[in-house]
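Visitor: Residue numbers (our numbering), protein chains in the order written: chain U, 171 to 510; chain P, 41 to 379; chain G, 146 to 659; chain Y, -1 to 322.
One or more of the hints may lead you astray.
Short, incomplete list of chain Y residues facing chain G, as computed with Cβ under 10 Å [said to hold, decoys possible]:
id: 1; residue: Pro101
id: 2; residue: Arg190
id: 3; residue: Tyr193
id: 4; residue: Gly194
id: 5; residue: Ile200
id: 6; residue: Gly201
id: 7; residue: Gly202
id: 8; residue: Asn203
id: 9; residue: Ala207
id: 10; residue: Gln208
id: 11; residue: Leu212
id: 12; residue: Asn250
id: 13; residue: Ser268
id: 14; residue: Gly269
id: 15; residue: Arg271
Some, not all, of what chain G presents toward chain U, calculated at C-beta under 7 Å [said to hold, decoys possible]:
id: 16; residue: Phe164
id: 17; residue: Leu224
id: 18; residue: Gly230
id: 19; residue: Asn239
id: 20; residue: Ile241
id: 21; residue: Leu244
id: 22; residue: Leu252
id: 23; residue: Gly253
id: 24; residue: Leu261
id: 25; residue: Ile262
id: 26; residue: Glu273
id: 27; residue: Leu275
id: 28; residue: Val326
id: 29; residue: Ser640
Take a look, some chain P residues computed to stay more than 10 Å from chain Y by CB distance [unchecked claim]:
id: 30; residue: Asp115
id: 31; residue: Thr214
id: 32; residue: Ala351
Think of the hints as simulated: they come from the structure by calculation, not from any bench.
In this text, a Cβ means the ideal position worked out from N, Cα and C, and glycines have one as well.
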Amino acid sequence: MTTGTTAHVATADTPQLPTSRVAGTERLAALAQRHGALAVLLLGSAAAALLFESFATAGNLAGIAIQSSTLAIVALGMTFVIIGGGIDLSVGSVFALGGVLAAWASQWGALPAVLLPLAVCGAIGLLNGLVIARAGLAPFIVTLASLLGARGLLLAVTDEGARTYLVPRDSALLDVGRGTLFGVGWPVYVAALLCVAGAVLLQRSRYGQAVFALGGNEEAAALMGLPVARVKTLTYVLSALLAGFAGILNAARLGSGVTILGVGMELDAIAAVVIGGTLLIGGAGSVSGTLCGVLLLGVIQNVINQIGNLTSSIQSVVSGAFLLVVVVTQTYLSKVRRLR
Amino acid sequence: AVLAGCTRSESEGTPAPAGSEGQQVVASSTPGGAGCTLQQYGAAKLDLADAVVGFSQSEKEANPFRIAETQSIRDEAAKIGVKKLLVTNAQSQLSKQISDIQDMLAQGAQFLIVAPLNSDGLEPALQAAAAKKVPVLTIDRKINAAPCKDYLAFLGSNFVEQGRRAADAMIKVTGGTGRVAILLGSSGNNVTTDRTNGFVEQVKAKAPGLQIVAQQTGEFARDKGQAVMEQLISSNPDITAVYAENDEMALGAVTALRSAGKSPGKDVKIVSIDGTRNAVQAIVDGTINAVIESNPRFGPLAFKTAQDFYAGTAIGENVIISDREYGSTNARESLAGAY
Amino acid sequence: MTDSDAVPVLEVRDVSKHFPGVRALDAVSLSVAPGEVHALVGENGAGKSTLIKVITGVYQADSGEIRYQGAPVTFGRPLDAQRAGISTIYQEVNLIPLLSIARNLFLGREPRRFGLIDVRRMNRDATEVLAGYGVDVDVTRPLRSMSLGAQQMVALARAVAVDAKVLVMDEPTSSLEPREVQTLFRLVRQLSARGIAVVYVSHRLDELYQLCDRVTVLRDGRVVHSGALAGLDRLRLVSAMLGRDLAEVRRDGVTGFTGDHTARDGEPVLRVEGLRKRHLLHDVSFTVRPGEVTGLGGLLGSGRSETAKAVVGALPLDAGTVTVAGRRLRRPTPKRALRAGVALLPEDRKAEGIIPELSVRENIVLAAMPRLARAGVVSRARQDRIVETFMTRLRIRAASPEQRVGELSGGNQQKVLLARWLCLNPRLLLLDEPTRGIDVGAKAEVQKLVGELARDGLGVVLISSDLEELVEGADRVVVLRAGAVVGEVAGADVSEPAILATLAAPEEAADEHR
Amino acid sequence: MSTAEPAVAARRAPDRAALTRRVRDVGVYAAVAALLLFNAVFTDNFLELANLRTQLVQVAPVVIVALGIALVIGSEGIDLSVGSVMALAAAVLPLYLGFGLWPAVAMALLAGTAAGVLNGTLVAVVGLQPIVATLALLVAGRGLALVIADGQLKQIRNPDLLALGTDELLGLPVVAWVAVVLAVLIGFTVHRTTYGRQLVAIGGNRAAAQLAGLPVRRVLVVTYVLSGIFAALAGVLATARLTASDPSAIGNLIELSAITAVVVGGTPLSGGRIRVLGTVAGALLMQLLRATLIKHDLPDSTAQMVQAVIILIAVYVAQQRRTR
Ligand SMILES: Nc1ncnc2c1ncn2[C@@H]1O[C@H](COP(=O)(O)OP(=O)(O)OP(=O)(O)O)[C@@H](O)[C@H]1O
Ligand SMILES: Nc1ncnc2c1ncn2[C@@H]1O[C@H](COP(=O)(O)OP(=O)(O)OP(=O)(O)O)[C@@H](O)[C@H]1O
Ligand SMILES: [Mg+2]
Ligand SMILES: [Mg+2]
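Isolated chain U, as found in the complex:
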């Protein structure tokens, strides 16, 4: 999808300069780190196409794309947070909350259905960000708390989960959620657009650079005169907004505000980001990598379904094993070890 574009952005800052004593190894490593996930994705997809004839069909690929679109948006926000040296566990709950609020507000039209959830989710993100950046609490714990809080809010809004709000049949929301263009669903284009914008923001804006600096060395970033607290707060707002937006898009697709969504989604998003070569300690990573990670997760799940007859327990074992193979391969390809 957008890998081409973002890869271009990511490598744009390597013009041909006279190389000094250390030649391209480090650069090669950086390249492999960026594209290790892509390599694994291509290898995996090729293998799947050879093994299962229904894998490489247009319908199946479009299916993988649309299935991955919401996770891609959530993982995009997570990429910013993780590069900035944080973590956001609340995205699953915020995603679900966004969907429920969108469905609820859609009775008053499409605009409220977009604005209300964005406002609420943005507020949650702001709260996360402020508590983390100003009060200095650990992101893991703060966002774990808002995972609970957002889920509680969702249950409160839906009468303890008993009520499911439906998007009116004539709502414009449904057109966006369900429409297709060239056989590919609208959400895919929306996700792709957001990812390109995200990649540009990350690589080509001062804010993006500040996020890298923050994750690379927070103390140094502060001493270098970056507005650390503001940048940090912003990443959490961004993450929550994107998660909420993914929720809206999903509600538009499902046509209802489903209450049971998003459980464990944070782990999927984190896995996708890390598979994409982003360091969990922060300071390095890319949007294109995350996208590859998301698609890899989609392919793994698709392959398990292609095998077709596994019990749920075996499915878990297989997907855990796949996950492991993928990260190990990716790690070896990119050779970015923590030490040295």
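With the hints as your guide, set chains P, G and Y with the ligands onto chain U.
Guide: Frame of chain U, contents of chains P, G and Y with the ligands only:
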């Protein structure tokens, strides 16, 4: 599997029955209008024996209900000789269920049996099926969509009704008075909502003497049920009855009550829903008082419905099965039929 | 731009700052006029860095006032100070290791086009700027691939690039070579000519005399002297810093090295042969005999630190052997090297040395812990004895042995690290910039210690960017350039001119290895 | 810690900062005390022995798991797989009960060890990031447990094992004793053994630890193994208490409770510091909080929001420095 060579378990009880015992029986088939025929649905005629059938299971096969349900579908598919049965499991994630269904369609499934995870939210999957003119038969949980258009029909139990019947059973075993604690299922789940509403309504209507003192979620799991019960019993020692929305939580409550020095089934009456073997055995043992069945063996009925459908018969929009009720009088002889 | 030179651009009045257990600053006053280069000196832990951090808003003063351009100010964070025109190079290199060199240089003020960062221009500008400082690198590589000295140059370039009125430098030369130091001086002089005030912290007294107009001496958080530098002779300055009387200082001298040691015959304690690592090392060989101090000389990035790391196995090699006392180290790792009696004091104490969360005591005994334990249980009594010994011997200034090392001043951290290795009684000690950031008093002591150890039969490899130290301390200097040995000077030949001459020897010697 | 006289005379300053630090050090305990007090006043029958016993019994497995995780967090890692390891242990246990209790427990602990070795190797040798390395086992482990158990819950009848769940010793339930003993053991290990100090050093600065010649890999692997064994032990105890081996539900989401307990207890996620007693108090706090919410019959929505707020307040009070 590696360890399997030299294991030695404790001696097991009797193995679960595999026969036709405990088959589902149709209680009512409400023909919403005239029922749904092949033409009305707009599907192509098909010989099931030569077809690819997909089954989308909603939750992990990690509890008796889901194990029995999936097994029953697999067994019946084998019995009637379906060409290929695809089985997927959404692992309790709605988005995965949607993609599962889409994946199966991409693999050429021609008839789908879906155990929906949620009543709402499956529309994209249904649309994908409709676009390929693949009939979808939903089992065990009803979805909010247009029958005979978005999906073929619904086979299953009525959860509100189950809640009402549980209330009736509760009124019977308690004599209509007492203090009840409810162990709820997972929050946000339709089944939880229905089973709670049915129970609460019925109790209000029929037995004002039964006072509901606590409603806490045990997440359909035995250990959570036990933990919650332990907390409730110490703060409300005067609880006289427990309504558990599934058997696992009821069994957890039994353990909790026992270790609190109470005698479950006597001091504290217990009613639950599902009809698993362990729960029915507990009725025999006298620790649970009544269980409302929720029969998971959908295989035969589902495939028969499908065959009827392709044979041209009109299918009712709701095929409600008749769930049994286990009580002290019939538990022992029904044990073999429990799953 | 300054109309009245008398008005100080920066003025600190009676500033005090407490940390738990320490009064880091006690009613300190300081004033700097435009165009003035003001030296701030003092022992390790005297409060220099703290004062700088209070001025720039990293810490908030407990009491007192800071006036900038005539008006009282309080900076809440470094950003505010920077915006107001106070640009700072902090003591430890504070850059982002994983970001590219260019991005580090321009972070926060990247050139933009259409609202987006103009990467091409940024890289071009960065290359140009750094070339002006004598650093010729591919600016798209991550910063961490540079040596510490080069990183310091980047930090410098960064600080200078800001259009500032005051430039604060906390030990900017601690990892720099004479050549780079001269570059820096040239720059500072240019800035001061433009009316920019410079606050300059250094433990290298020569530099102060070359560069500074006035000096403020801190001791134990208090100002003990302030005035023009010109009239103050060196001994007087040292005695003010150390708080010892003039006679005593004069007797001890200012460098601690006591001349040559007699290398013992027999088996060399270290024999390094044919170390190769792609792009970094090209066939490096040398030997160290017991009781001898072998210096490694060279310019920035000449591969001295890499050689030292390779010897202890912290840098995987492509080829080469390391033999310790006749025994070949197989697949060296720091652990194995240590078992063979080889210890390395790393150059970058923040990243590779201290464990900031642990106490002084635990940092000192870290490597020796297994030896101080019985059946895996640590013995506090034995630890305390060792820690006590070294804290007094090296004069480590800490509130207590239980203070977190991260809270110590830079020089004291360095001493803690030195103690960590000395308490192991190693056979061979590799010291990479051992006196980096150490005050004169302590420096002399460390140097004396190294001398004593060598006399006791210890083999020492000394890496120092301070040529004077190298000349006085080493019996023999192996000179490296671009990862290859280009020559060796020994015995009486060891002198600054000799080393510089070897360094400047015709290029081919180094080039043929490329 | 010890208040030895400063080695070099430094004027001691009367200090607000030190006071706040002291307050923060005792923050968790204060919160636990406050919650106890609240319950004593507002909750019926709270101070009954049976109720207190219930709290101890319920908190024990979380404490045990949290102790293991505290070690891992101290090494700047994290272990998400503990819940699945509990399930694995629960699944393995009944397979060997025919040989008697101890062989079965040994096999369960062996399963935990194997899981730990896998995690440790992935982190220390292969160099994976801890969160993904253990995520793989979180996903696969429970699946494997269900495969071993054939998806079925197994009723436990072995009287020895059941006794483990119900017996008391000197008025305290056996499970609580196990937790107490382990807490003391881990406290000792962390503060007084070479392994413990090396672990903390590695968590504080891995590169420095490596250069100081510490056995980094070995220490890390041992740490993950300990975490695995502790989780397995918690799985055994939880099984005993449940009187059934239920690999589908046992230990579900316990990793989050345990990590919360560790962090609420004042251990920073950035590694380099481990507070054992704080961890125990953190687990107790979370347990009491849950108990309070259930006993007052708050609906799930309110309960979750209240939990969120209280976690934040507790961590804010207990937090030492800005950490990840
Ligand atoms: N964050 C802190 N917490 C506690 N004490 C501190 C902290 N920072 C500095 N100190 C103490 O304040 C005193 C002054 O330290 P400072 O870093 O200012 O010394 P310095 O003069 O810069 O020394 P050096 O030459 O070694 O860099 C020292 O005793 C140090 O231990
Ligand atoms: N001026 C420079 N130009 C190019 N590369 C440099 C420069 N300075 C440092 N480097 C890089 O830094 C590394 C040198 O490492 P090393 O630390 O071994 O040098 P060193 O001799 O110890 O120098 P230093 O005194 O700065 O520590 C090499 O990777 C080299 O490419
Ligand atoms: Mg300093
Ligand atoms: Mg060096």
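Visitor: For every hint, state whether the structure bears it out.
Guide: Hint by hint, here is what the structure shows:
1. Among the interface hints, the one on Pro101(Y) is violated; its C-beta lies about 28 Å from the nearest C-beta in chain G, farther than the 10 Å criterion.
2. The interface hint given for Arg190(Y) is met, as the beta carbon of that residue sits about 6 Å from the closest beta carbon of chain G, less than 10 Å.
3. This hint holds: Tyr193(Y) has a C-beta 6 Å from the nearest C-beta of chain G, less than the 10 Å allowed.
4. A hinted interface residue such as Gly194(Y) counts as satisfied when its beta carbon comes closer than 10 Å to some beta carbon of chain G; here the least separation is about 8 Å, so the hint holds.
5. Against a cut-off of 10 Å between C-beta atoms, the interface hint on Ile200(Y) holds, since the closest Cβ of chain G lies about 9 Å away.
6. About 8 Å separates the beta-carbon of Gly201(Y) from the nearest beta-carbon of chain G, less than 10 Å, and the hint is met.
7. Restraint check, Gly202(Y) versus chain G: the minimum CB separation of about 4 Å is within 10 Å; hint holds.
8. Restraint check, Asn203(Y) versus chain G: the minimum CB separation of about 5 Å is within 10 Å; hint holds.
9. For Ala207(Y), the shortest C-beta to C-beta distance to chain G is roughly 7 Å, which falls under 10 Å, so the interface hint holds.
10. The interface hint given for Gln208(Y) is met, as the beta carbon of that residue sits about 6 Å from the closest beta carbon of chain G, less than 10 Å.
11. For the restraint placing Leu212(Y) at the interface with chain G, the shortest Cβ-Cβ distance is roughly 7 Å, inside the 10 Å limit, so the hint holds.
12. The interface hint given for Asn250(Y) is violated, since its Cβ lies 34 Å from the closest Cβ of chain G, which is over the 10 Å cut-off.
13. For the restraint placing Ser268(Y) at the interface with chain G, the shortest Cβ-Cβ distance is roughly 9 Å, inside the 10 Å limit, so the hint holds.
14. Annotation: Gly269(Y) was flagged as interfacial toward chain G, and the flag holds, the nearest CB pair being 8 Å apart, inside 10 Å.
15. Taking 10 Å as the C-beta contact cut-off toward chain G, the hint placing Arg271(Y) at the interface holds, the least distance being around 5 Å.
16. Annotation: Phe164(G) was flagged as interfacial toward chain U, and the flag is violated, the nearest CB pair being 17 Å apart, outside 7 Å.
17. The restraint placing Leu224(G) at the interface with chain U holds, with a minimum CB-CB distance near 4 Å, inside the 7 Å limit.
18. The criterion of a C-beta within 7 Å of any C-beta in chain U is not met by Gly230(G), whose closest approach is roughly 12 Å, and the hint is violated.
19. The beta carbon of Asn239(G) comes within 4 Å of a beta carbon in chain U, closer than 7 Å, and the hint placing it at the interface holds.
20. Hint on Ile241(G) holds. Least Cβ distance to chain U is approximately 4 Å, under the 7 Å limit.
21. Given the 7 Å rule on beta carbons, the hint for Leu244(G) holds: about 6 Å separates it from the nearest Cβ of chain U.
22. Given hint, Leu252(G) at the interface with chain U, holds; its Cβ is 6 Å from that chain's nearest Cβ, closer than 7 Å.
23. Of the supplied interface hints, the one on Gly253(G) holds, with its beta-carbon coming within about 5 Å of a beta-carbon of chain U, less than 7 Å.
24. Annotation: Leu261(G) was flagged as interfacial toward chain U, and the flag holds, the nearest CB pair being 4 Å apart, inside 7 Å.
25. Because the closest C-beta pair between Ile262(G) and chain U is about 5 Å apart, less than 7 Å, the hint holds.
26. Contact between Glu273(G) and chain U, as hinted, is not supported at the beta carbon level, the nearest pair being about 11 Å apart and thus beyond 7 Å.
27. For the restraint placing Leu275(G) at the interface with chain U, the shortest Cβ-Cβ distance is roughly 11 Å, beyond the 7 Å limit, so the hint is violated.
28. Below 7 Å, beta-carbon pairs count as interface contacts, and Val326(G) has none with chain U, the closest being about 22 Å; its hint is therefore violated.
29. Taking 7 Å as the C-beta cut-off, the interface hint given for Ser640(G) is violated, the closest approach to chain U being about 29 Å.
30. Chain Y leaves Asp115(P) outside its interface by the beta-carbon criterion, the shortest separation being 16 Å against a cut-off of 10 Å.
31. At the 10 Å boundary, the C-beta of Thr214(P) stays outside the reach of chain Y, the nearest C-beta of that chain being 20 Å off.
32. Every CB of chain Y is more than 10 Å from the CB of Ala351(P) (nearest about 35 Å), matching its label as outside the interface.
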